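J.: Starting from the given sequences, assemble the full structure and let the hints guide the process.
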Amino acid sequence: MRSREVRSFQNLPTYQQTTRIKSHYSRKKMELSCQVSFERLLHDAHDPAEQTEFLDEAKPKRRRCTYAARREEAKRLREELHGLESEVAVLKYRSGHGPDGDPRLKQAELEIAQLSHSGREKHLQIAKAQSAMSRCLGAQQSHPLYTRICLPKNWDQRRAKLVSIREEKLRNAYDFAMDPRHYVDPAKAQYSDERFETAQGDFCGVRFETVQFPGVKSLQQVYDAAVYYLTNMEISITERLGHITVRDDYETIDGSVYNARVLSTVLDNVTMETSSLLFPKMDPDGQCGMVVLDSIDQDELYPYNSAERVRKDVSATAVFTVGKEDKGELVVTMRRAAFLKIYRPHFSLSEDVLQELATGIMAWGDVMLKTVRSIVYGSR
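Read in this note's numbering, the sequence shown has 33 at position 33, and its numbers run on one by one without any break.
The hints are simulated quantities; they were obtained by calculation from the structure and are not laboratory data. Quick caveat, the model's predicted, so the values are computed rather than measured. Be a bit skeptical, because a hint or two may be false.
Derived lysine to aspartate or glutamate pairs resembling EDC-like cross-links, with alpha carbons at most 20 Å apart [claimed, not checked]:
| hint | residue 1 | residue 2 |
| --- | --- | --- |
| 1 | Lys281 | Glu251 |
| 2 | Lys161 | Glu300 |
| 3 | Lys161 | Asp254 |
| 4 | Lys75 | Glu87 |
| 5 | Lys153 | Asp285 |
| 6 | Lys370 | Glu251 |
| 7 | Lys281 | Asp254 |
| 8 | Lys188 | Glu329 |
| 9 | Lys281 | Asp224 |
| 10 | Lys281 | Glu167 |
| 11 | Lys161 | Asp224 |
| 12 | Lys75 | Glu85 |
| 13 | Lys217 | Glu111 |
| 14 | Lys153 | Asp299 |
| 15 | Lys370 | Glu239 |
| 16 | Lys161 | Asp283 |
| 17 | Lys161 | Glu85 |
| 18 | Lys324 | Asp366 |
| 19 | Lys370 | Asp156 |
| 20 | Lys188 | Glu209 |
| 21 | Lys281 | Glu168 |
| 22 | Lys188 | Glu325 |
| 23 | Lys153 | Glu300 |
| 24 | Lys106 | Glu85 |
| 25 | Lys217 | Asp285 |
| 26 | Lys217 | Asp366 |
| 27 | Lys324 | Asp185 |
| 28 | Lys324 | Asp285 |
| 29 | Lys188 | Asp366 |
| 30 | Lys106 | Glu87 |
| 31 | Lys122 | Glu111 |
DEER-style ranges, computed between Cβ atoms [to be verified]:
| hint | residue 1 | residue 2 | range |
| --- | --- | --- | --- |
| 32 | Asn305 | Lys370 | 24 to 32 Å |
| 33 | Asn172 | Gln355 | 28 to 36 Å |
| 34 | Asp285 | Gln212 | 52 to 60 Å |
| 35 | Asp352 | Asp248 | 25 to 33 Å |
| 36 | Glu85 | Glu121 | 23 to 31 Å |
| 37 | Ser192 | Glu121 | 39 to 47 Å |
| 38 | Arg344 | Lys161 | 23 to 31 Å |
| 39 | Asp193 | Asp352 | 19 to 27 Å |
| 40 | Asp193 | Arg166 | 25 to 33 Å |
Positions of the beta carbon are idealized from the N, C-alpha and C atoms, including for glycine.
T.: Shown next as structure tokens:
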């Protein structure tokens with residue numbers, strides 16, 4: 001075959017041979033140039049992946065058939081439809097029309113229902129416990145801060161009695177007020193208040209309270225303010241409550257025991273009568289101070305006038321401790337506990353007046369806190 005081409009080429013005229021040679025040479029030169037360019041581009045693509053990609057692009061692309069294109073389009077549409085159906089199911093569930101057949105949603109609903117039921121059961125148990133506590137309080141005739149105290153007529157015997165009970169009152173009050181079971185977090189302010197009526201018709205109130213006094217000069221400053229209020233409460237009660245109040249001091253023993261009677265006229269000219277003892281104490285190191293109050297049950301020298309006055313008993317304590325905040329500022333903490341009782345009067349009073357007496361049973365304690373704050377922060 002090759003020899004025929006040569007013989008046919010030799011039989012051509014000279015000018016045609018020259019033209020054929022030039023054309024053949026041009027084609028070969030172009031093919032060689034394309035081959036060199038291709039190899040150079042392939043060499044410049046250092047990454048094998050790039051070389052493969054280049055080779056793939058260099059290959060002539062095959063035309064896809066119509067059937068394959070439609071099949072891929074149908075697959076894409078099915079996937080899109082599945083996604084839309086999922087979104088619709090979620091939207092229906094959120095709007096309260098969830099499908100009953102989804103096991104995951106059913107399981108989630110079941111768990112939520114169980115948790116809700118458990119929460120209601122716990123709240124019910126707490127309510128029952130609170131109800132039981134209220135019944136116990138209603139039957140309560142005494143309190144850990146209360147001590148039955150009877151004072152004779154003889155002054156020497158009275159003084160001896162007061163001195164003998166002082167240390168016991170202070171110790172019992174401190175242990176009760178500082179019992180950690182009374183407080184969720186003793187370092188934070190908190191408040192608890194209970195009011196109830198006994199089977200005898202007496203009105204009672206129980207309070208636990210933690211109060212912070214930040215930025216004070218010293219514990220002594222807060223302690224002195226509390227003692228000032230307790231020995232001059234008639235002034236603050238009259239000013240803050242509008243109840244005309246007078247105080248009769250019967251006995252003071254070296255600033256360690258105070259015996260006094262307080263008469264306060266409340267609504268409708270009803271006079272409330274309190275006969276109480278005060279035992280203050282400050283530790284020598286100035287790190288702890290406390291005050292204790294308790295009422296006298298029977299006083300042969302100064303008896304109650306139950307025929308004309310409403311008797312009010314107060315058994316309470318306040319313990320003051322000192323600490324520092326993160327900024328180095330002094331903070332005094334007052335832990336206060338109180339038990340109060342207003343006896344049902346021996347004379348007739350309207351139901352509205354009795355309810356007013358019961359509602360205001362804790363008012364003196366509120367006046368004490370306001371007075372101490374005004375003294376401490378007003379003097380800075």
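J.: Please go over all the hints and tell whether each is borne out by the structure.
T.: These are the hints, each one checked on the structure:
1. Lys281 - Glu251: holds, 17 Å
2. Lys161 - Glu300: holds, 13 Å
3. Lys161 - Asp254: holds, 15 Å
4. Lys75 - Glu87: Within the cut-off at roughly 19 Å; holds.
5. Lys153 - Asp285: Given that 20 Å is the threshold and the Cα spacing comes to 38 Å, the pair is violated.
6. Lys370 - Glu251: violated, 27 Å
7. Lys281 - Asp254: holds, 12 Å
8. Lys188 - Glu329: Since the Cα atoms of Lys188 and Glu329 sit roughly 16 Å apart, the hinted pair holds (cutoff 20 Å).
9. Lys281 - Asp224: holds, 11 Å
10. Lys281 - Glu167: holds, 10 Å
11. Lys161 - Asp224: violated, 26 Å
12. Lys75 - Glu85: holds, 16 Å
13. Lys217 - Glu111: violated, 56 Å
14. Lys153 - Asp299: Holds - the C-alpha atoms of Asp299 and Lys153 are around 8 Å apart, at most 20 Å.
15. Lys370 - Glu239: holds, 12 Å
16. Lys161 - Asp283: Since the Cα atoms of Lys161 and Asp283 sit roughly 23 Å apart, the hinted pair is violated (cutoff 20 Å).
17. Lys161 - Glu85: With Cα atoms ~88 Å apart, Lys161 and Glu85 exceed 20 Å; violated.
18. Lys324 - Asp366: Violated, at roughly 26 Å.
19. Lys370 - Asp156: violated, 37 Å
20. Lys188 - Glu209: Roughly 10 Å separates the two Cα atoms, so the pair holds.
21. Lys281 - Glu168: Within the cut-off at roughly 13 Å; holds.
22. Lys188 - Glu325: holds, 12 Å
23. Lys153 - Glu300: holds, 5 Å
24. Lys106 - Glu85: holds, 18 Å
25. Lys217 - Asp285: holds, 15 Å
26. Lys217 - Asp366: violated, 23 Å
27. Lys324 - Asp185: With Cα atoms ~16 Å apart, Lys324 and Asp185 stay inside 20 Å; holds.
28. Lys324 - Asp285: holds, 16 Å
29. Lys188 - Asp366: holds, 19 Å
30. Lys106 - Glu87: Roughly 18 Å between the alpha carbons, so the hint for Lys106 and Glu87 holds.
31. Lys122 - Glu111: holds, 17 Å
32. Asn305 - Lys370: 24 to 32 Å: At 30 Å between Cβs, range holds.
33. Asn172 - Gln355: 28 to 36 Å: For Asn172 and Gln355 the Cβ distance comes to about 33 Å; the hint holds.
34. Asp285 - Gln212: 52 to 60 Å: With a Cβ separation near 21 Å, Asp285 and Gln212 fall outside 52 to 60 Å, so the hint is violated.
35. Asp352 - Asp248: 25 to 33 Å: Given range 25 to 33 Å: holds, Cβ gap about 30 Å.
36. Glu85 - Glu121: 23 to 31 Å: Hint violated: Cβ distance 39 Å, outside 23 to 31 Å.
37. Ser192 - Glu121: 39 to 47 Å: violated, 25 Å
38. Arg344 - Lys161: 23 to 31 Å: Once the Cβ atoms are compared, 29 Å apart, the range 23 to 31 Å for Lys161 and Arg344 holds.
39. Asp193 - Asp352: 19 to 27 Å: Given about 22 Å between the Cβ atoms, the range holds.
40. Asp193 - Arg166: 25 to 33 Å: Taking Cβ atoms as reference, Asp193 and Arg166 lie about 29 Å apart, which means the hint holds.
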